[in-house]
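Protein chains: 2
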Amino acid sequence: MKECKTVILGSIGIDDIETRLESKKAILGGAASYACAASSFFTETGMMSIVGEDFPNEYFEKYKSFGINLEGLIVEKGGKTFRWGGTYDDNMIDRVTNFTELNTLEHFEPAVPASYENAEYVLLGNLAPATQISVLEKMKNPKFVVADTMDLWINIAREDLMTLLEKIDMLMLNDSEARLLTGEHNIVKAASKISAMGPKYVVIKKGEHGAVLFEGDEIFIVPAYPVAHLIDPTGAGDSYAGAFIGYLSNSDSAKIQNIKKALYMGSVVAAFGVEKFSLERFESLTIKDIENNFVGLKNMTQI
Amino acid sequence: MKECKTVILGSIGIDDIETRLESKKAILGGAASYACAASSFFTETGMMSIVGEDFPNEYFEKYKSFGINLEGLIVEKGGKTFRWGGTYDDNMIDRVTNFTELNTLEHFEPAVPASYENAEYVLLGNLAPATQISVLEKMKNPKFVVADTMDLWINIAREDLMTLLEKIDMLMLNDSEARLLTGEHNIVKAASKISAMGPKYVVIKKGEHGAVLFEGDEIFIVPAYPVAHLIDPTGAGDSYAGAFIGYLSNSDSAKIQNIKKALYMGSVVAAFGVEKFSLERFESLTIKDIENNFVGLKNMTQI
Numbered sequence: 014m015k016e017c018k019t020v021i022l023g024s025i026g027i028d029d030i031e032t033r034l035e036s037k038k039a040i041l042g043g044a045a046s047y048a049c050a051a052s053s054f055f056t057e058t059g060m061m062s063i064v065g066e067d068f069p070n071e072y073f074e075k076y077k078s079f080g081i082n083l084e085g086l087i088v089e090k091g092g093k094t095f096r097w098g099g100t101y102d103d104n105m106i107d108r109v110t111n112f113t114e115l116n117t118l119e120h121f122e123p124a125v126p127a128s129y130e131n132a133e134y135v136l137l138g139n140l141a142p143a144t145q146i147s148v149l150e151k152m153k154n155p156k157f158v159v160a161d162t163m164d165l166w167i168n169i170a171r172e173d174l175m176t177l178l179e180k181i182d183m184l185m186l187n188d189s190e191a192r193l194l195t196g197e198h199n200i201v202k203a204a205s206k207i208s209a210m211g212p213k214y215v216v217i218k219k220g221e222h223g224a225v226l227f228e229g230d231e232i233f234i235v236p237a238y239p240v241a242h243l244i245d246p247t248g249a250g251d252s253y254a255g256a257f258i259g260y261l262s263n264s265d266s267a268k269i270q271n272i273k274k275a276l277y278m279g280s281v282v283a284a285f286g287v288e289k290f291s292l293e294r295f296e297s298l299t300i301k302d303i304e305n306n307f308v309g310l311k312n313m314t315q316i
Numbered sequence: 014m015k016e017c018k019t020v021i022l023g024s025i026g027i028d029d030i031e032t033r034l035e036s037k038k039a040i041l042g043g044a045a046s047y048a049c050a051a052s053s054f055f056t057e058t059g060m061m062s063i064v065g066e067d068f069p070n071e072y073f074e075k076y077k078s079f080g081i082n083l084e085g086l087i088v089e090k091g092g093k094t095f096r097w098g099g100t101y102d103d104n105m106i107d108r109v110t111n112f113t114e115l116n117t118l119e120h121f122e123p124a125v126p127a128s129y130e131n132a133e134y135v136l137l138g139n140l141a142p143a144t145q146i147s148v149l150e151k152m153k154n155p156k157f158v159v160a161d162t163m164d165l166w167i168n169i170a171r172e173d174l175m176t177l178l179e180k181i182d183m184l185m186l187n188d189s190e191a192r193l194l195t196g197e198h199n200i201v202k203a204a205s206k207i208s209a210m211g212p213k214y215v216v217i218k219k220g221e222h223g224a225v226l227f228e229g230d231e232i233f234i235v236p237a238y239p240v241a242h243l244i245d246p247t248g249a250g251d252s253y254a255g256a257f258i259g260y261l262s263n264s265d266s267a268k269i270q271n272i273k274k275a276l277y278m279g280s281v282v283a284a285f286g287v288e289k290f291s292l293e294r295f296e297s298l299t300i301k302d303i304e305n306n307f308v309g310l311k312n313m314t315q316i
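Going line by line, the protein sequences match chains F and H.
Basically the numbering used here = 1-based index in the first sequence + 13.
Basically the numbering used here = 1-based index in the second sequence + 13.
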C-alpha cells in the first residue's frame with residue numbers, strides 16, 4: 014500500500030450557492046474538496062473526511078480524477094452528507110448562510126488509515142479543535158502541520174483550540190478570526206499574540222487583499238492574484254491552504270523560502286478556483302497554468 | 014527666484030480629530046499639508062493652497078521647517094481657514110465627519126507663481142476638477158501629472174472630471190471611488206475603464222491593504238507598510254501621493270521602474286505619518302529612516 018506524504022482533514026459538503034449573476038444547487042463543496050484538489054496539483058494527497066450514502070458517485074470519480082487518495086474518506090451507512098447553502102452579497106465577499114445541515118459531520122470521528130500515519134505534511138481544516146487534535150495524535154512523523162480555524166471554535170472551544178495551537182507549526186486564519194481570537198484589531202499585534210500561543214508561523218488571510226505571514230518579528234506580505242472574472246468565492250481559503258501544503262510537501266523542506274513560494278502558490282491556485290463554481294476550474298487546470306501565473310504574480314510584486 | 018520642479022495643489026485645514034484612544038483639537042491638516050511634507054523628504058516642493066488670516070504663524074513655520082516653498086500659498090485677508098472635524102470608528106478606518114467649514118476654500122482660485130510655472134512633476138490634490146484643470150493649464154512643461162479625486166466630484170462634477178482625465182498621466186483614487194466612477198465593483202475591471210478615460214496609469218488605493226498600479230494590462234501590486242502603532246490615519250492617502258511625486262521628481266524620470274519605487278516610497282512614508290497626529294511624525298523623520306523602511310518593505314515582498 015502506497016504511503017501518503019500529504020494529508021488533509023476537512024469537511025465535504027453539498028452546496029447551494031447564490032450569487033448576483035448565477036446560482037447553483039447541490040454542487041460539490043466543503044473545505045476538504047477544495048483543499049485536496051488544490052494540493053493534488055503538487056503531490057498525491059490523502060483526504061480525511063466523511064460523507065453519507067447519498068454522496069453521488071460522480072463526485073467520488075471527480076476526486077479520483079485529481080488523483081486524491083480516498084482511503085481516509087468515510088462513507089457512513091444510512092448517513093446524509095453535510096449540506097450548506099449561502100447567498101453572496103453584490104460585493105462577492107459578504108455572504109449569508111441560508112441553511113446548514115451537519116448530518117454526518119455532526120459526529121465525525123476521522124479515520125487515519127495506516128497509509129496516512131507517516132504523512133509529513135498535514136493540513137487540519139477547520140473542524141472542531143478536538144477533532145484536529147485527535148488526527149494529529151495519530152500522526153507518527155509530522156514535519157509540518159498547518160491548521161485552520163473559524164469563529165465558531167474560537168467562541169465555543171477556545172480551550173481545545175489553545176491545546177491545538179501548542180502542537181502545530183502554522184495557524185492560518187482570516188483577519189476577522191485573528192481579531193476575535195486575540196481581541197486586537199491591528200493584525201500585526203494580533204499575529205504577535207497568536208505566535209505567543211504556540212505556532213511558529215501565523216498566516217492572516219485577507220481575502221482579495223492577500224495574506225500576511227508572520228514568523229516572530231519577521232513579516233512577509235503575500236499578494237492576492239488579481240481576479241477579473243470572479244464567479245464564486247466559495248472555498249478560496251481552502252484552495253489557498255491546500256495549494257500551500259501541497260507545494261510545500263513537494264518541495265520537501267519547510268524552509269522559509271519554500272514557505273513563501275508555497276503561499277504564492279496558494280494565491281495563484283485560489284484565484285483560478287474562484288473563476289468557476291465548485292471544482293470546475295480545477296478540472297481544466299494544469300501545472301503549467303499554475304507555474305505561468307506564479308511567474309506572473311512574482312512580476313507583479315518585484316521591484 | 015529659484016524655480017520649483019515639484020508642485021502640489023491641495024487643501025489646508027485645521028482639524029478636530031477623535032479616535033478611540035486620543036483626540037486632538039485644531040491641529041494642522043489638509044491634503045496639501047500632508048502631501049507637501051511627504052514630498053519634501055525627496056525634493057523642494059511648491060505648495061498651492063489657501064488659508065485665512067486666522068492661520069497660526071507656527072504652522073507657516075512648520076511648513077518652512079520642511080523646506081516647503083510657500084509662494085503659491087494664498088493668505089486671504091479677513092478669511093477663515095478651512096476646518097474639518099471627524100471621528101474614527103474603532104477599526105480606525107471608517108470615520109464620520111462631524112463638521113465641515115469650507116471658509117476660504119469655497120472660492121479658492123489657485124495662484125501659480127512664476128517660480129512654479131516650469132514645474133515638471135505636478136500633484137493635483139482632490140479639489141474641484143475645474144480648479145485642478147485651471148492649475149494644469151498654467152503649467153508650461155509638465156512631465157508627469159498625478160491627480161487625486163473624491164466621491165463628491167464624481168457625483169457633482171463628472172463632466173469636468175472627464176476633461177481632467179484626458180490631461181493627466183496618472184489618476185490615484187480609493188477603491189470605493191473607482192467603483193463609484195466606473196460602476197464596476199471589481200478593481201481590475203474598474204481600472205481598465207478608468208484607463209479608457211485617459212490616464213496612462215491608474216493607482217487604486219486600498220488603505221491598509223496597499224494599492225494596485227495599472228498600466229494597460231500590466232498590474233503592479235504595492236503593499237502597505239504594516240503599521241503596529243496606528244494613532245491617526247488622517248492624511249495617509251495624501252502623504253502617499255506626496256511621497257510618490259516627490260520621489261519621482263527626485264529620480265528625474267517617469268520610467269516604470271521609478272514609478273514602482275515611488276509607490277513603495279508612498280507606502281513607507283504614509284505608514285510613518287499615521288504613527289502620530291498631524292505632521293508630528295514627519296518632524297522627527299529622516300531620509301535615512303525612510304530608506305531603511307523601503308529596504309524593509311522590499312524584503313517583506315521579494316521571494
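Treat the hints as calculated values from the structure; they're not laboratory data.
Hints are not guaranteed to be accurate.
Which copy is meant is left open, because identical chains are indistinguishable; a pair holds if it fits in one copy or across any two.
[Said to hold, decoys possible] Below, a list of computed lysine-lysine pairs in the DSSO-like style, where the Cα atoms sit at most 27 Å apart:
| id | residue 1 | residue 2 |
| --- | --- | --- |
| 1 | LYS37 | LYS202 |
| 2 | LYS77 | LYS93 |
| 3 | LYS93 | LYS289 |
| 4 | LYS37 | LYS75 |
| 5 | LYS202 | LYS301 |
Here's how the hints hold up against the structure:
For the homomeric pair LYS37 and LYS202, the shortest alpha-carbon distance between copies (25 Å) is at most 27 Å, but the shortest distance inside one copy (40 Å) is not. Proximity of LYS77 and LYS93 under a CA criterion of 27 Å is satisfied intra-copy only: 21 Å inside one chain copy versus 73 Å between copies. In this homomeric assembly, LYS93 and LYS289 come within 27 Å of each other (Cα to Cα) only inside a single copy, at 26 Å, whereas the closest approach across copies is 57 Å. Taking CA atoms no more than 27 Å apart as the test, LYS37 paired with LYS75 passes inside one copy only; the shortest distance there is 18 Å, against 61 Å between copies.
In the homo-oligomer, the alpha carbons of LYS202 and LYS301 lie at most 27 Å apart only across protomers (26 Å), although the nearest pairing inside one protomer, at 38 Å, exceeds that limit.
Checked against the numbered hints above, the structure breaks none of them.
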